[in-house]
Every structure is written in C-alpha cells, then in structure tokens.
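J.: Residue numbers (full-length UniProt numbering), protein chains in the order written: chain D, 1 to 254; chain U, 1 to 254; chain W, 1 to 254; chain S, 1 to 254.
Since the hints were derived computationally from the structure, they do not count as laboratory data.
Think of the CB as a built atom: it goes at the ideal place given N, C-alpha and C, for glycine as much as any other residue.
Among the clues, some could well be false.
Claimed, not checked - Cut-off 30 Å, straight-line C-alpha distance, at most; resulting in silico cross-link-like pairs (BS3-like, lysine-lysine):
1) W/K115 x S/K115
2) U/K115 x U/K20
3) D/K20 x D/K115
4) D/K115 x U/K115
5) W/K115 x W/K20
6) S/K115 x S/K20
Stated by the list, open to error - Each pair of labels, with its calculated beta carbon distance range:
7) U/P242 x W/G247: 37 to 45 Å
8) W/G247 x S/Q23: 19 to 27 Å
9) S/E173 x U/E239: 49 to 57 Å
10) U/E90 x D/L58: 51 to 59 Å
Stated by the list, open to error - Facing chain D, from chain U, some residues (calculated, C-beta under 7 Å):
11) G122
12) R128
13) N168
14) H215
15) R220
16) S241
There are 4 protein chains.
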Amino acid sequence: MVEEDGFRRPLRVLVWGENKQDQEEEVRQVYPLTMHETIAAALRRLLGERARVETATLQEPEHGLPPARVAEIDVLLWWGHVAHNMIADEVVDRLQHRVQQGMGLIVLHSGHLSKIFRRLMGTNCHLRWREGGDREILWPVMPDHPILRGISRPIVLSRHEMYGEPFNVPAPESLLFISNFSGGEVIRSGMCWTRGQGRIFYFSPGHETHPVYHHPAIQRVLANAVQWCAPRCPPVTLEESPQCPEGWFEQDAD
Amino acid sequence: MVEEDGFRRPLRVLVWGENKQDQEEEVRQVYPLTMHETIAAALRRLLGERARVETATLQEPEHGLPPARVAEIDVLLWWGHVAHNMIADEVVDRLQHRVQQGMGLIVLHSGHLSKIFRRLMGTNCHLRWREGGDREILWPVMPDHPILRGISRPIVLSRHEMYGEPFNVPAPESLLFISNFSGGEVIRSGMCWTRGQGRIFYFSPGHETHPVYHHPAIQRVLANAVQWCAPRCPPVTLEESPQCPEGWFEQDAD
Amino acid sequence: MVEEDGFRRPLRVLVWGENKQDQEEEVRQVYPLTMHETIAAALRRLLGERARVETATLQEPEHGLPPARVAEIDVLLWWGHVAHNMIADEVVDRLQHRVQQGMGLIVLHSGHLSKIFRRLMGTNCHLRWREGGDREILWPVMPDHPILRGISRPIVLSRHEMYGEPFNVPAPESLLFISNFSGGEVIRSGMCWTRGQGRIFYFSPGHETHPVYHHPAIQRVLANAVQWCAPRCPPVTLEESPQCPEGWFEQDAD
Amino acid sequence: MVEEDGFRRPLRVLVWGENKQDQEEEVRQVYPLTMHETIAAALRRLLGERARVETATLQEPEHGLPPARVAEIDVLLWWGHVAHNMIADEVVDRLQHRVQQGMGLIVLHSGHLSKIFRRLMGTNCHLRWREGGDREILWPVMPDHPILRGISRPIVLSRHEMYGEPFNVPAPESLLFISNFSGGEVIRSGMCWTRGQGRIFYFSPGHETHPVYHHPAIQRVLANAVQWCAPRCPPVTLEESPQCPEGWFEQDAD
Chain D
1 MVEEDGFRRP LRVLVWGENK QDQEEEVRQV YPLTMHETIA AALRRLLGER ARVETATLQE
61 PEHGLPPARV AEIDVLLWWG HVAHNMIADE VVDRLQHRVQ QGMGLIVLHS GHLSKIFRRL
121 MGTNCHLRWR EGGDREILWP VMPDHPILRG ISRPIVLSRH EMYGEPFNVP APESLLFISN
181 FSGGEVIRSG MCWTRGQGRI FYFSPGHETH PVYHHPAIQR VLANAVQWCA PRCPPVTLEE
241 SPQCPEGWFE QDAD
Chain U
1 MVEEDGFRRP LRVLVWGENK QDQEEEVRQV YPLTMHETIA AALRRLLGER ARVETATLQE
61 PEHGLPPARV AEIDVLLWWG HVAHNMIADE VVDRLQHRVQ QGMGLIVLHS GHLSKIFRRL
121 MGTNCHLRWR EGGDREILWP VMPDHPILRG ISRPIVLSRH EMYGEPFNVP APESLLFISN
181 FSGGEVIRSG MCWTRGQGRI FYFSPGHETH PVYHHPAIQR VLANAVQWCA PRCPPVTLEE
241 SPQCPEGWFE QDAD
Chain W
1 MVEEDGFRRP LRVLVWGENK QDQEEEVRQV YPLTMHETIA AALRRLLGER ARVETATLQE
61 PEHGLPPARV AEIDVLLWWG HVAHNMIADE VVDRLQHRVQ QGMGLIVLHS GHLSKIFRRL
121 MGTNCHLRWR EGGDREILWP VMPDHPILRG ISRPIVLSRH EMYGEPFNVP APESLLFISN
181 FSGGEVIRSG MCWTRGQGRI FYFSPGHETH PVYHHPAIQR VLANAVQWCA PRCPPVTLEE
241 SPQCPEGWFE QDAD
Chain S
1 MVEEDGFRRP LRVLVWGENK QDQEEEVRQV YPLTMHETIA AALRRLLGER ARVETATLQE
61 PEHGLPPARV AEIDVLLWWG HVAHNMIADE VVDRLQHRVQ QGMGLIVLHS GHLSKIFRRL
121 MGTNCHLRWR EGGDREILWP VMPDHPILRG ISRPIVLSRH EMYGEPFNVP APESLLFISN
181 FSGGEVIRSG MCWTRGQGRI FYFSPGHETH PVYHHPAIQR VLANAVQWCA PRCPPVTLEE
241 SPQCPEGWFE QDAD
C-alpha cells in the first residue's frame, strides 16, 4: 500500500515479460501461463488488496510501456533474455527517469544484461554461466532484511542454471543472498541499490526451463521485494539543477 | 608509475578541456593558458617523471579522443560545462568501456552533468547552485585517504560558486570532502566510486572565473587523485559473459 | 507498531536521560521537564497509539536498565554528556546484546562519547566542538529516506553548539544529514549503521542550553527514527556459532 | 615500505600466534614450525626488504605485546582459537588504540571470535561451522583489488573446515572473496573495514589441521594484505575532542 494525499491506495505493480522463449514448447511445459503471468499470479495471491498487479510484454506497442502507463507504475519487475537490444532507447530513458523519481525496479535473472539495468549500474554487468544440472542454494546473508521476511532457511533449487562471479556490478548497498552451486561456483544472487529515489533489487534465480517461479520461497521473496521497492514519498529528487539565491532556504520557510 | 611486463612506466594522463569558456576574456584573465593547460602544467610539476601528461579538447577530431588514444589512457581528467551535449555518444561509449577496463576518471566541477559521468552514475546528477561571493571551505572527512596526502587542513576558497545538496548521485564508496558555503549550503565535494575496474573521483571545485586551479592544495589533491585512480592491474573484468563447463576452474589450473 | 504472533502491538520506546545537567538552572529554563521528558512527550504526541514511551535515568537502580526491562525495549534513545564513565559495563554489555537481537538505538548529541556508542562503532568517536553562537543548518542528503519523512526543507537552528569533522566513526551505511555551521565547519549530523539486527541512528543536535528538542522538525525526525529503528522481525542473528552437520539445511526442511 | 621523514623504511610486521594447538601432535605434523612461524617465513620470503617480520605469542609477558612494541607495529596478523578469553583487556585496549592511529590488522580464521576483532566490529561475530572433509573454493569478487594482485584464479582448498553464513559482522567496505563449500554452504571469506585510520582485513582460511598456510596463493594474499593494510600517513585521527575557537582554521594557516 502507498500513502498518498492522506489515504492509502494499492501498489501499482507491473510485471514485464519478454515473452519470446515463453512460447517455446520446452518452456510452456514449465510455465503454461508464461513466466510473467506466473509471477503476476503469485504476487496477486500473496499481496492481495495491497497491490494491483498487471503485465506487459515486448510485443505490445511501445513494449506495453507508453508514457502514461510508466508514469503510474510503483514497482516494475523485468524478465528479459534474448531480445534486450529490441527495447527502444526512449523507453529505457523513460524507465530510468521514473526510477529517479522513486519507481522500484526488480530485475530478474537474465535481465542482468537488459538495457535498463546496465543504464542504472553504469557497468557491463557480465558474469559467468553454465546451463546444466547444478543444484543452487541461496543463503540469506542479512536474515532480518524486509525482503527476507518469512525466509528462515536457505532456498534450495534442485536444478538451475549457474551464474557465477565475478559479476561486474557496482558494490551493492545491501547484499541479501549468496548462492552456492554444486559445480563449485558462487554468486551474489540478491542485491540492492538506490538510484535517485528508486530502489533496485536484482534477484538471479529464474532460468526459463526450470520451475523456479513456482517455488513458494522464491514467490515470497518477490512479494517482499515489491513492498520494499515501493516508493516511500512523492518525488523530491531534483529534476533540474536549480539556481538558488542567497538565503532562499530561510525566505520561503513555512 | 604503472608496473607492466616487469618494468615500470610513467602514468599516461590526459586532461580534457571543453575549451569554450576558456576563450572568453573574463576567463582568460584568470587562466591565460586555459584551464586544462593550467591543470596539466600543475600535474607535470607535481608528478614529474611519474606521469606523462597531455591535453585534448572538444574542438579536435573525435574531441581528441580517437580509439587508439583512449586505449592508452591511464587516467582521464574531465572539465566540461556548456557543451555536454556536443560529445558524440560513441566517444562516451568508448570512455565507459575503458573505465570498465581500469581507466581512472577524475570529473571536475560542472562535469557533474557530463554524459560520461551520468552514464557511470546511472542518475541525473543534478544539484543546487549559485554564482556569487560565497566562501567555500572543503573539510577532509577521511584525513588518511591517499587523495588527501599532504592536505592536513581544510582548503579555503575565498570566493567560489556554490554547489549544494541534494546532489543526486549514488552513495559514494568513499566520502573525502564536505564543503561549507558561507551562504549556508553544504555539498559532498570529493567522492569516490568504482565501476568495473575503473576508479572515479568527483571533485567539485573549479568554476571558470575563480583561480581555483592555481591553489596549491587543489593542485595537490588532483595530483594525488591521479595516482589513486591509476589502474592497479591489467584488465581482468569480464568483457563478455563466458560459458564455463563444469570443473573449468580446476582443469586449466597452472 | 510491531507485528508479533499475528497481531500488532505498540512499539516499546525508552528515552534514557543522564539527568545531571537537566537539574542545572540554565538548563531548567530551557527544559523545565528535563530533556528526556521533553523528548518523551514529543514522541507520545507524534506517535500516539503506535508507541508506548517511557523514560529512565542514570540515577535509578541499574540506571533504570535492569535485564527484564532491557529485554522488552524495541527502541532506546540515549542522551548523556558528563557521566559516560558512570555507566556500569555490564549494563553496556546488556544493551549491546539487545542491539544484536534487533533493538533500535538512537544516540543523541554528546552521546557520541557514550560507552554503548563507542562499543558499537569500534572507534573513539571524537570530533571537534565549540560552544558559541553558531547558526547550524541541517541539510537532507537522502531526502526520501523514511527518517526524513515530512522534512522537505533544511532545518535551521539559530544558535547551537558546533560539532565538526573529522568525526571518527566508521563510514555510515546511510548519510542522512550534513550540517553547515556559520563559523565555517561541517559535520555529518545524521547517520545510520546496522550491528547484528539492530539499527542505529546518530543525530547530532541537542545541546542542553539550546531549545533544540522543542523544534518541530527535530521532533519529527526523532519520531520517524523511532519507527525506522524498530525491529523488523524476531531475533534470527546467531547468538552462538552452531556446529552444522553436513546436509543439515535439507534434513530439517519444513 | 613506509615513507617517513623523507625516507623509506621497511614495514614492521608482527605475526601473533596463540601457540597452543600448535603444540599438539596433529598440528605439528602439518606445521612443524608452528602456524605463526610458517606465516612469518612466507611473508619474509615474499616481502623481502620491504618488511621486517617478527612473531609473538600468548605465552610471552603481556602476550608479547607490551606498549613500546605495540607502538611500533605497522601491521599485526592475529591467529587465535581456544584462548581468546585469556587476552588481557588492557592489551586489547592498546591494540584498538593503535588501529585508530593507523595500525593494520589482519584477522585469520578462528580469530573472528577474538576480543580485538569483536571490539572493532561491535558485533558478536558468530557464524556456522563444521569440521570435516569439505572442499572450499575461494572466489575473487573484486579481482582488481590490491589484495588480489597475482591471484587470477579461484583458490581451491581440497579439504578445509566449513565456515558458513550468516556471519554476524557489519557490512564490509569491500568484499574480496566468497567461498563455496562442497557441503553446500557459502561464506564471505575475505572482507575489509576501516576503523579510525586503521585498515582491517578478515581472511577466513586457516584451520590448524589443514596445510592452508603452505598454499602459495594463500601466502600471496597475506603478503598483499600486509602491504594494503600498512599505514598511509602519520596518525591524524583525533585522539581527543578538541575545542576549536571560531576561525581557528584560518588563524594558523601555513
């Protein structure tokens, strides 16, 4: 819920899906509804009246992200993989601007190479990877962080794609999860940053051929993250660099 | 000095100047040599054989930053103000890529709104400002940081442009200086970040009509910063996301 | 409010006062009720049913901090100045332990030299100071942080004691306020750290002879800080180092 | 090397060993010279004339750490396990004070529960553990950090004690290594903090029955860490809180 003008309204959440591999047979067997609809359904169930959850996809006009809609998003979840370069730069500009104003952004799995994530990080965001039979265990490093609420134990994914260090992102403000892969690698699998007023959470699980988004603990983390990433107050970050006459901060005191 | 292939070579330093206001009469009286040449001369004097210092300007082909030259820069200093938008995006791409590989970047004063700085920060980098008669005092917050070597006291600028908070940048990894303005404002005036292997230092002094770059303590900070921002080792940051077969880290062990 | 066992209960807040200078005539004129009672009254008014606010002082048995009471504190505010060394080490141990478990701690003004704050910081916490006629202006650096909710402008204290950098504390996790003093100094005047599950906020205003705690914006910051410092979840931080047999995390899975 | 009074002198390094388990048969087979002498020999070999390396043990008067000696240490390495409580508090005070002044401190393995480390962290520093047959792989997270110079690959320890998250320490300023254990756990195995002017490095490898300190890459990390932790400049951190008359920073300008 967001407090605004004295009353509380549900969070406006948008789950964005690239929606390409979702159409492949191998993925449809795991996610008959597509990944974004699976995530959206989980959020609706877990957040109930606290959120109004919608979805959008690459194939819609302006990728389902026209200005009027973007202006109203409180928290955006982003899953993309094979079509990062198809995202129009002006849509990326729009999203980056909204993050400055306070829109929360949750970047999932292969979204680490998305344009919007690389824009906000300032790095190339590369990492090591291997598709295979690794068991991944996600260990809570900050067990009392709001995003880990209700997650009292490590999360075990019996099979998942390996994503490994070094992961070229700026040092996070909070490191929430570290993953152990049975093949021997590790990755910082849950990390938080702030850009302007916007809170960003990167969460590495979610390969398209594994049923990760059906896992109750993964769903719980996403629902917690939506609430943590939600805007705290109306936009106050400077949109321009104002010229301030001497004593301005006293002259217009309330 | 940089150690490379078993021997030490001087740091390759480039001072980049926008070189537009430098041609105005008011600025020429303060900086007859231009700002970038004034800074370069100070660095040559303070660093001696430890560095080979060159300059480049907006007016040169590719802004003096062709690929072969950028590939050889160890530390780049950047002063720009009124022509940020004239910088070609492909040159910004080139600089950003070099920072990932380890090139140091020192962003000066109004360079806070430069394309390269905003790219690396992921924010709009706005702040408050006022041209006028403020006295600025820069207070060391981490007095033992290498960039403050030899700076045992606050740096007093008897007149300087005011730059004030909130300054919309990601929280720095190290906060070195905080400034007090006689008009009542403050700013985080010296901050460090890392992006990939590259070290970034933002230093707020340097308005074009005040003799800031003639001040011995300011010159000392810049010379220290050049040494601190220098690459530590050959590029090791991932340029792509490599696929790693199981056990790769043991198979090719030395 | 704290959620516990499925229902919400008010936050248990304790304002601790050294209560020595509060008895001096000069201070009584500013704070007829004492400083701690003034702060407590403000919190009761601003937090209403969300908190149950009590006070304790140095002069009570065990300084008003016996084990059973400490075990029930959600957020402790601490004002001390001339009697830091009179605090029993075992009481400090008790407070430090509760912070690990999640108790919030708000350290006020001269409490920067208190035993509990130095324990949690690991440094000597010294800074520069001057009693005099300085005007202090506190600038919000993270204007959207929950502790700054409702604080849209700099806070002006027309006269206050100067506290200046360098302030020997570990780099904060969040820097909320920077102060400008008319005498020329600056200080990081609002900072946050985490120790174990406990959130710590240091807030520098509050010299005993100035009416700082009557200022509406200062009271608002304190009320916000109480809510931000409140425990997020039951204690989960390790109290001992457990020996874990192989596979333990799978065997007792829910 | 340290620059001092215009000339360079070797770093004064002290390797402190608890020297109790070192006398047990099982440990003597792995470390015939004791652990601290093994580490000291490696540092002498790797650092050569850049350092003068000595050792001290618990059994010496004042644990080998009398005031005059402590005053001269540039970097202290600490290995302790079963006798943390035998360290006199006044020696811990002495070490903590020297860290404020700039002494580097490298805490090894089970030293995570030493008095000096807990003092500097402000937390209880607990973690999970298991003695057994785990393979530990240490992954570089910041591959260009000076402490990782020459470490281009993950470090594989074929058998080592498991130390696992959550590790109750304050969030590090730099996270250098993350370990993967074959049993499934992870730990942040190399971390840096600053307290006052002192640099602190915690490095988790080093169980007494495994030949960890004979491993070339582990020795290289320790030698790098000694150089990174070395004091940068003479002590400038405030030892007391000085009263500063108005304008003091201008009156005594050089």
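J.: Does the structure break any of the earlier hints, and which numbers would those be?
T.: 7, 8, 9, 10, 14 and 15
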